[in-house]
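**Student:** Sequence:
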Amino acid sequence: MEREYLIQKWLDHSLNAEELEAFKKLEDYDALQLLNRNLQKFKAPEFDKKQSLDFITKNLKPKKHNNWNIKWIRIAAILVISIGSFWYFNKNNNTTINTLASQKTNIDLPDNSNVILNSASNLSYNEKTWYTNRKVNLDGEAFFKVAKGSSFDVKTEKGIVTVLGTQFNVKQRNNYFEVVCYQGLVGVTYMQQPQLQLKPGESFLVIDGKTIKKEVQNKLQPAWITNKSPFKSIPYKHVLSEFERQYNVRFITKGVDLKQLFTGNFTHDNFEIALKSITLPLHLTYSKKNNTITLKRE
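At position 207 of the sequence shown (counting the first as 1) the number is 207 in my numbering, and the numbers step up by one without a gap.
FYI, nobody ran anything at the bench for these hints, they're computed from the structure. Just so we're clear, the structure is a prediction, and the values are computed from it rather than from any experiment. A portion of the hints provided could be inaccurate.
In silico DSSO-like links for lysine-lysine, alpha-carbon gap of 30 Å or less [claimed, not checked]:
id: 1; residue 1: K158; residue 2: K145
id: 2; residue 1: K254; residue 2: K288
id: 3; residue 1: K104; residue 2: K289
id: 4; residue 1: K228; residue 2: K145
id: 5; residue 1: K232; residue 2: K210
id: 6; residue 1: K254; residue 2: K289
id: 7; residue 1: K259; residue 2: K232
id: 8; residue 1: K158; residue 2: K135
id: 9; residue 1: K199; residue 2: K145
id: 10; residue 1: K232; residue 2: K199
id: 11; residue 1: K232; residue 2: K213
id: 12; residue 1: K104; residue 2: K25
id: 13; residue 1: K210; residue 2: K288
id: 14; residue 1: K214; residue 2: K228
id: 15; residue 1: K276; residue 2: K210
id: 16; residue 1: K145; residue 2: K213
id: 17; residue 1: K254; residue 2: K219
id: 18; residue 1: K214; residue 2: K259
id: 19; residue 1: K288; residue 2: K104
id: 20; residue 1: K288; residue 2: K228
id: 21; residue 1: K259; residue 2: K104
id: 22; residue 1: K199; residue 2: K213
id: 23; residue 1: K213; residue 2: K228
id: 24; residue 1: K254; residue 2: K199
id: 25; residue 1: K210; residue 2: K148
id: 26; residue 1: K276; residue 2: K296
id: 27; residue 1: K210; residue 2: K155
id: 28; residue 1: K145; residue 2: K219
id: 29; residue 1: K158; residue 2: K128
id: 30; residue 1: K276; residue 2: K228
id: 31; residue 1: K148; residue 2: K128
id: 32; residue 1: K228; residue 2: K104
id: 33; residue 1: K104; residue 2: K24
id: 34; residue 1: K214; residue 2: K155
Ranges of calculated distance between the beta carbons of each label pair, as one might list FRET restraints [what the hints assert, rightly or not]:
id: 35; residue 1: K254; residue 2: Q217; range: 33 to 39 Å
id: 36; residue 1: K254; residue 2: P281; range: 15 to 21 Å
id: 37; residue 1: I252; residue 2: Q197; range: 24 to 30 Å
id: 38; residue 1: S233; residue 2: G201; range: 16 to 22 Å
The beta-carbon is built from N, C-alpha and C at its ideal position, and this holds for glycine as well.
Make the full structure from the sequences, and use the hints.
**Tutor:** See the structure below:
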């Protein structure tokens, strides 16, 4: 078989078994494999056309009077440049939305799916590949209203949430992972465990590595959308963390048991009432200096 024919099929990843064996017998096989391994390590933001061409020229030195090797160098250079350009522009088609502390925002995705992003959260997706791969990356908390269509994935550090046209809330914070289904059916894959399916009103909650069972809820949306954060038997440290995100403050605690369970809520639009709501039930006193709040046991 002709070299050019085999090389072209190798570039297209379309070699059959017989052609693959013939391809392995080419005198340039080792050099081609070296090129392929280096392409796998390629990083788009560091892409340098001249450096890539120099690398190919150095590792595929043409033999005298061998026009095919010269032709291959040109093909390989074009290949590297093409792949680098594709990865670079594909990477830069990512859309990223960040919210600051005490900020929320509404996001319309390309297919008219809607996301409400909670405070101190980050969401990103690839607009160019959206209609073939509906996937978002989430760090923080968000409420989703997903338009019907192909599979829709929410990827977080701790797990992946997969849905087909539904409404759900995902919260991924430090040692806190929660998914609540409000409409439709939600599949949750947590830390490589078998997928768990949630029906409307059902939830999946893991705090500090421990799975917490919650009662079925009959609600249409999470409370934080209406500026309220409710808690039921939640370690106090997570209550303080949520308060910090909603009011852009920092807590210092003295003699406070951060593992004690808290049941209650606080509002997002009245600082004094909110602070009293999370301190009075536990008999804590507080003092505030700038954006730092010190809590003490009475």
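**Student:** With the threshold set at 30 Å, check whether the alpha-carbon distance from K104 to K24 stays at or below it.
**Tutor:** Not OK: K104 and K24 at ~57 Å, beyond 30 Å, violated.
**Student:** Run the distance test for K228 versus K104: straight-line Cα separation, threshold 30 Å.
**Tutor:** 13 Å, holds
**Student:** Starting from K228, check that the Cα of K145 is at most 30 Å away, please.
**Tutor:** 20 Å, holds
**Student:** Has the given pair, K214 with K259, been kept, meaning a C-alpha gap of at most 30 Å?
**Tutor:** Roughly 19 Å separates the two Cα atoms, so the pair holds.
**Student:** State, for the Cβ atoms of S233 and G201, whether the hinted interval 16 to 22 Å holds or is violated.
**Tutor:** 18 Å, holds
**Student:** Mind checking the alpha carbons of K254 and K219 for me, to see if they're no more than 30 Å apart?
**Tutor:** 37 Å, violated
**Student:** Between the alpha carbons of K148 and K128, is the straight-line distance 30 Å or under?
**Tutor:** Distance ~19 Å between K148 and K128 Cα, so the pair holds.
**Student:** Within 30 Å, alpha carbon to alpha carbon, are K213 and K228?
**Tutor:** 22 Å, holds
**Student:** When you check the alpha-carbon spacing of K259 and K232, does it fall within 30 Å?
**Tutor:** 14 Å, holds
**Student:** Would you mind confirming whether the straight-line C-alpha gap from K254 to K199 stays at or under 30 Å?
**Tutor:** Violated. K254 to K199 sits at ~42 Å, over the 30 Å cutoff.
**Student:** Regarding I252 and Q197, is the given constraint of 24 to 30 Å on their beta-carbon distance met?
**Tutor:** Violated, since I252 and Q197 (Cβ atoms, about 42 Å apart) do not stay within the stated range.
**Student:** Does K276 pair with K210 here, judged by a C-alpha cut-off of 30 Å?
**Tutor:** Holds - the C-alpha atoms of K210 and K276 are around 29 Å apart, at most 30 Å.
The structure fails to meet hints 12, 13, 17, 24, 25, 33 and 37 from the earlier list, while all remaining hints are met.
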